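Residue numbers for the sequence shown follow the UniProt record's numbering, beginning at 1 and rising by one.
Don't take every hint at face value.
[To be verified] The following label-pair restraints were derived from C-beta to C-beta distances: (1) W6 x H29: 13 to 23 angstroms; (2) W52 x L31: 19 to 29 angstroms; (3) N69 x G35: 31 to 41 angstroms; (4) T73 x L31: 19 to 29 angstroms.
Hints were generated in silico from the structure; no laboratory data involved. All values reported here derive from a predicted model rather than from experimental measurement. Ideal placement from N, C-alpha and C gives every residue a C-beta, glycine not left out.
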Amino acid sequence: MPAQAWWSTGQANCSHWGRPGAKITYSWHSLKGDGYNAVQGRGFDGKGRSTWYACGWAASGSCTVPWGNYIATPKARAMNKVHADHIYFTAS
Numbered sequence: 001m002p003a004q005a006w007w008s009t010g011q012a013n014c015s016h017w018g019r020p021g022a023k024i025t026y027s028w029h030s031l032k033g034d035g036y037n038a039v040q041g042r043g044f045d046g047k048g049r050s051t052w053y054a055c056g057w058a059a060s061g062s063c064t065v066p067w068g069n070y071i072a073t074p075k076a077r078a079m080n081k082v083h084a085d086h087i088y089f090t091a092s
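Given only the sequences and the hints, what does the whole structure look like? Please build it.
Here you go:
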């Protein structure tokens, strides 16, 4: 997904089957190795609402977010207000 001056969203290729208490981990890396990338991963709060969770500002990293008992496609979003970049992510 592109990382530009506004949030850009990417979606995984397949859905994730949750269970009570489940979490998923997003891992990402920047094409340019730029540390000004802000990344968020989608998860679900205790009431089943889709929520964006902050994964940090970095050239690469990972974060674990609550998923729960839901079947949905993982999504991540990125933003970079300094340089245009491209972020590759996986969800497991």
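Structure-based check of all given hints:
Hint check: W6 to H29, Cβ distance near 21 angstroms, so the stated range 13 to 23 angstroms holds. The given range of 19 to 29 angstroms is respected by W52 and L31, whose C-beta atoms sit roughly 22 angstroms from each other. Separated by about 36 angstroms at the C-beta atoms, N69 and G35 satisfy the suggested range of 31 to 41 angstroms. Taking the beta carbon of each, T73 and L31 are about 23 angstroms apart, inside 19 to 29 angstroms as hinted.
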